[in-house]
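From first to last, the protein sequence lines stand for chains V and R.
Here this note's numbering = 1-based position in the first sequence + 11.
Here this note's numbering = 1-based position in the second sequence + 11.
Everything labelled a hint here was simulated from the structure, so no lab data went into it.
Hints may be right or wrong, so weigh each one.
Where chains are identical, the list cannot tell them apart; a pair therefore holds if satisfied intra-copy or between any two copies.
What the hints assert, rightly or not - Keeping only pairs whose Cα atoms sit at most 35 angstroms apart, straight-line, the calculated DSBU-like set for lysine-lysine is: (1) LYS256 to LYS125; (2) LYS179 to LYS256; (3) LYS20 to LYS256; (4) LYS58 to LYS80; (5) LYS204 to LYS125; (6) LYS80 to LYS125.
Protein chains: 2
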Amino acid sequence: MSDIPAADKVYTACVLIIGNEILSGRTQDTNLAYIAQGLAQIGVVLKEARVIPDVCDTIAATVNELRAKYDYVFTTGGIGPTHDDITAECVAKAFGVQNTLHPEAHRILQSVIKPEDLNEARLRMAHTPQGATLIVNVVSRVPGFKMENVYVMAGIPRVMQAMFDAVKPTLKGGPPVLSRTVSCDLPEGIIAKGLGEVQTRYPDLDIGSYPAFRRGGGFHVSLVLRGRDAALLDRAAGEVAAMVKGLGGNPALE
Amino acid sequence: MSDIPAADKVYTACVLIIGNEILSGRTQDTNLAYIAQGLAQIGVVLKEARVIPDVCDTIAATVNELRAKYDYVFTTGGIGPTHDDITAECVAKAFGVQNTLHPEAHRILQSVIKPEDLNEARLRMAHTPQGATLIVNVVSRVPGFKMENVYVMAGIPRVMQAMFDAVKPTLKGGPPVLSRTVSCDLPEGIIAKGLGEVQTRYPDLDIGSYPAFRRGGGFHVSLVLRGRDAALLDRAAGEVAAMVKGLGGNPALE
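Next comes chain V alone, as it looks inside the complex (with noise of 0.2 angstroms):
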């Protein structure tokens, strides 16, 4: 997406999926996508996304690569009590810095967790890379934290979710993205040139074709506009549901 003035940053985003439990596939991840909508609408970039192991230099490395890389890092998952969870003090050692009892972290902890159960595992979750400042979290309390522009999160959904939330007020971004989506009865081969010729009459949207099974047979296509301009987006749409009709189809705006 290039609509965006020469002069005016785009901000990027990268996010980082960290666990075993997603490269093995017993976890289905979802918080890729909710934090793709949330960055969409707060117009900052998502570039790229990676899923990486619980293994110390691989995290550390990682994230160093892509704190260089991009305006943001969102990363998820490895920050609860147990062994596996080693995301802090990976980003300490990314940032060459110390992973230390953060004392807000400590007193929050302390108000959720009587003294006589707040045992060393626990006291983990209240460390952060030396510098760090905290991400609220309104469901579970323990917080997350951030790291220069690296966003450190939990794994679990709604907890994560929390915490981007939290998050998200205080990022720079720019014009949300918005989409359109036109449903399409044709094949994909039907329309692909009449869609490629209104791609390359508005180059500054991104167009893409998504086809899918129907559930009683047969493709279902959704082709879907996106952009900045609400106004070019509309008249592109339109272009799009006419060349479809050209075709003989049926489109419909979703």
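Dock chain R against chain V, hints included.
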């Protein structure tokens, strides 16, 4: 030198998800979990997954980075007939070869599409990087392809699954990765110490703790042990269960 891999050769893989629709949050990916589970069955270690946009330079550079790093690269998405389906030409670019009409793919298309309907857009689906071999698609016939260690598959889950299922028996792997899950009704903070001790005693196993919200409220924790030695897994799972029980919980082997 021998063609026989060392007995302890570990085969590694990466999944490369190509598509703006995933990074926009429009589409919830489910292909990663399917491939991950399939690879675990044949003992191939999935080390990483990436999601990247429909940008040719990014696709080509990422393919080249990953194919050098892992034994197998599985891509999903971008092999249809529309203008945004650019995976084949970008993989060709990565390998420094032409994207040309593949005679066998051409024959397959001719067998399912009437000559008058086999337009330029559809013919694009019969193009592969020079030297590629085809991946059978029993769902919609249009094939994927393999270029050295890069397996290029569709994005539509049903089609991707069919392609991956066709490829799976041809992959070299190792003993399947097995798992045991101990369901735990105690909070992570209570069992963390004991669980870490079991992990220390079983360095050949990967033990993870995965909390989730129950629908009725409160947490539920799944303690998942993964490894290739069934007897070792059973013994370690028994120790985990005994540990949870010793702390007053009611563990259950799922």
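Do the hints match the structure? See the list:
1. LYS256 to LYS125: between (66 angstroms within a copy, 22 angstroms between copies)
2. LYS179 to LYS256: Neither: 40 angstroms inside a copy, 42 angstroms across copies.
3. LYS20 to LYS256: neither (38 angstroms within a copy, 56 angstroms between copies)
4. LYS58 to LYS80: Result: close both inside a copy and across copies, 10 angstroms intra and 21 angstroms inter.
5. LYS204 to LYS125: Close across copies (18 angstroms), not inside one copy (66 angstroms); limit 35 angstroms.
6. LYS80 to LYS125: neither (42 angstroms within a copy, 48 angstroms between copies)
Hint violations for this structure: numbers 2, 3, 6, all remaining hints satisfied.
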